[in-house]
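> Quick note, the sequences are listed as chains U and P, same order.
According to the working numbering, the first sequence is numbered sequentially starting from 1.
According to the working numbering, the second sequence is numbered sequentially starting from 1001.
What the hints contain is simulated information worked out from the structure, not anything from laboratory work.
One thing to keep in mind: the hints can contain errors.
Claimed, not checked - Covered by chain U, per the in silico footprint, the following chain P stretches (three or more residues, Cβ under 8 Å):
no.	segment
1	1075 to 1089
2	1113 to 1121
3	1268 to 1278
4	1288 to 1298
As the list claims (entries may be wrong) - Derived DEER-like restraints, expressed as beta-carbon distance ranges:
no.	chain 1	residue 1	chain 2	residue 2	range
5	U	I4	P	M1299	43 to 49 Å
6	U	Q71	P	S1156	38 to 44 Å
7	U	T100	P	S1023	44 to 50 Å
8	U	T100	P	M1299	39 to 45 Å
9	U	T64	P	S1181	51 to 57 Å
10	P	K1340	U	K87	16 to 22 Å
11	U	P138	P	P1058	54 to 60 Å
C-beta atoms are modelled at their ideal positions from N, C-alpha and C, and glycine is treated no differently.
2 protein chains.
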Amino acid sequence: MKFIIQRDRLVHSVQEVMKAVSSRTTIPILTGIKMVATEDGLTLTGSDSDISIESFLPTEEDGTEIVEIQQSGSVVLQARFFSEIVKKLPRDIVEIELATNHLVIIRSGKAEFNLNGLDAEEYPHLPQISEENMFKVPTDLLKTMVRQTVFAVSTSETRPILTGVNWRLENGELICIATDSHRLALRKAKIDTENQETYSVVIPGKSLNELSKILDDTNDLVDIVITENQVLFKAKNLLFFSRLLDGNYPDTSRLIPTESKTDIIVNTKEFLQAIDRASLLAKEARNNVVKFSTLTDGMIEISSNSPEIGKVSEEIQTEEVRGEELKISFSAKYVMDALKALEGTEIQVNFTGAMRPFIIRNTSDDTILQLILPVRTY
Amino acid sequence: MKFIIQRDRLVHSVQEVMKAVSSRTTIPILTGIKMVATEDGLTLTGSDSDISIESFLPTEEDGTEIVEIQQSGSVVLQARFFSEIVKKLPRDIVEIELATNHLVIIRSGKAEFNLNGLDAEEYPHLPQISEENMFKVPTDLLKTMVRQTVFAVSTSETRPILTGVNWRLENGELICIATDSHRLALRKAKIDTENQETYSVVIPGKSLNELSKILDDTNDLVDIVITENQVLFKAKNLLFFSRLLDGNYPDTSRLIPTESKTDIIVNTKEFLQAIDRASLLAKEARNNVVKFSTLTDGMIEISSNSPEIGKVSEEIQTEEVRGEELKISFSAKYVMDALKALEGTEIQVNFTGAMRPFIIRNTSDDTILQLILPVRTY
């Protein structure tokens, strides 16, 4: 193996595959990055067995030479050292050569590194995925759908299935649902699909977070292929594999109330900032809980009380308060997370009494819904 | 106590005094910020007993009203909560009022905080410092002198005196010296002083770091007052007190070689970056040590070898290599720290053999000197 490559492109690809490499793996070779040079270009692979990322550097792109393959071959290099080294090389051009005994020579300017590599044959094979069940989502929509749901997954391993986001494809619509059993985030969108199959899979929240970081903000289509235990996201020169979570995702549809008793419409930012301020004193006390009350004349009050430190209250003028009077307590963090996930300047909140879950959504958009369980304090 | 104040100015002053507030103090009231309102303005104080910072907000500055004192008085508020609250207040104007029992009411827009305060009489008094022994240093020079020396203080409490920087004032010259006994940084400058007294004090490195962060990048003069056990820095509307370290600072003058056997002149950035690259592989092995060798034709080589991972070597074309051939090993970190502290594109290194300390300095500036002890490996 011998090739000459543009340093910045190599650095970029190494950083992409590094997102899958963990230093805490039970399989030592997975602390490495696999490099395979063929006449088409250079392929880098990183994996922690849950997530695998493959980044491809073609020999040429838009008429510019990116990598000149002088001899094909493959090797695995320690990810941590290799990634730090390529970032700090002195020149724009790097030469990488495989010598005997998996020794790799990296040259740039007058610097020469000799790194001990491993046999690429020892590196685990990526899942083989047949591309029958494929659908396409624009990158920016995909990232938005992840952002608006993934924060609500459970961080506890008590019910492992809840650490993932449920992706359901039915009737040409993709529905993403996450819940940690105290709150739920749901986002749906119409998407392009070639067949009318129905799926329901659960993708680990961690995988979706890493995927989101690695994808550029474009509207290029990402191909998504779902199999029994893997999902594959295919973007330009990039493959992102994640295992799926085993088990049945709970049916969340009956959690979502269809009626309400008190409804408010309020400016998103004012509501969010008032809760943020009230939560400053609530952090010390029980679980970051703030109180919400309807007042007269379309006013609401957000308050919190922490006997040792002090108390805070703030009134907000809403657009509208309709229905019954209400006093309710909730986790400031959960409501703030939900409000940050929503777009638009105004939101509506639909309450069904102080002990029942309430719904936050945009006034002008029914593709996203945030549900939160109150905290019993009154 | 009652006053109305511009939020941004209050936030700025609170952040200044917060630099002295520690959450790990044995004196509970020092977790608070003292506020004193007089007809002249508002004074905030934070202290961890080693460092004390006083920030003054005048009623008016450049014709703009900053704080309107409606009633004078004083109180101590929990620093952590108070600083978070003022940052997040909804309006540009804040009203702060002391009610009974040290309860403080903070109002901004429709938000109202009630915070439990403490009696300001319980707060320790700041040191009383007579201003006899004063000298003046421009802020930017002061920050530079700190930056170029403070990194070399010892982080170990084995010899507490070495955790500080020795400041000596003699013959109208200020000399700052720091050493952790493996390396030494020295910077001197001519300064304005009203009398011809000579001082030698040791200022804790931590104090100088905090001072540097709090001072703006101006060339306004800072008044420096030295007493037996305190130093006071006076900038505009700001007092910064630090205790001094007890004990005699070692005489470092005889450490600095006056002759040399091998001298090089080299581009600072090329030398720094080559050492940085070589250190990538040296981190794992013994103490981050890299090797330096003179070659022929004005070339030098930086190398490092870590049997498990690999090796690296790099040649650099110097401006000049003069004197004996040399192979020497040193801590990459110490040399990189020293190089970063130097200004200018070229530096000279003067060696006196592989077992003797060497000196790095600018080719065109003798006010700064960095000395480093080699590591015995050859």
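> Okay, U/T64 versus P/S1181 on CB: inside 51 to 57 Å?
At 53 Å between Cβs, range holds.
> May I ask you to test the hint 54 to 60 Å on the CB atoms belonging to U/P138 and P/P1058?
holds, 56 Å
> Look at the Cβ atoms of U/Q71 and P/S1156 and judge whether their distance stays inside 38 to 44 Å.
violated, 52 Å
> The segment 1113 to 1121 of chain P covered by chain U? Criterion: 3 or more residues, Cβ-Cβ distance below 8 Å.
Check passed, 4 qualifying residues.
> Given that the segment 1288 to 1298 of chain P was listed as covered by chain U, double-check it with a C-beta distance under 8 Å for 3 or more residues.
Violated, because only 0 residues of the segment 1288 to 1298 of chain P bring their Cβ atoms closer than 8 Å to Cβ atoms of chain U.
> Indicate whether the distance between the beta carbons of U/T100 and P/M1299 respects the range 39 to 45 Å.
violated, 28 Å
> Can you let me know if the beta-carbon spacing of U/T100 and P/S1023 is within 44 to 50 Å?
The hinted range 44 to 50 Å is violated for U/T100 and P/S1023, with Cβ atoms some 57 Å apart.
> Taking the beta carbons of P/K1340 and U/K87, is their distance inside 16 to 22 Å?
Holds, since P/K1340 and U/K87 (Cβ atoms, about 18 Å apart) stay within the stated range.
> Under a C-beta cut-off of less than 8 Å, do 3 or more residues of the segment 1268 to 1278 of chain P approach chain U closely enough to confirm the stated coverage?
Result for this restraint: holds, n = 4.
> Report holds or violated for chain U covering the segment 1075 to 1089 of chain P, Cβ cut-off 8 Å, minimum 3 residues.
holds (count 6)
> Do the Cβ positions of U/I4 and P/M1299 conform to the proposed distance bound of 43 to 49 Å?
violated, 24 Å
Checked against the numbered hints above, the structure breaks hints 4, 5, 6, 7 and 8 and satisfies the rest.
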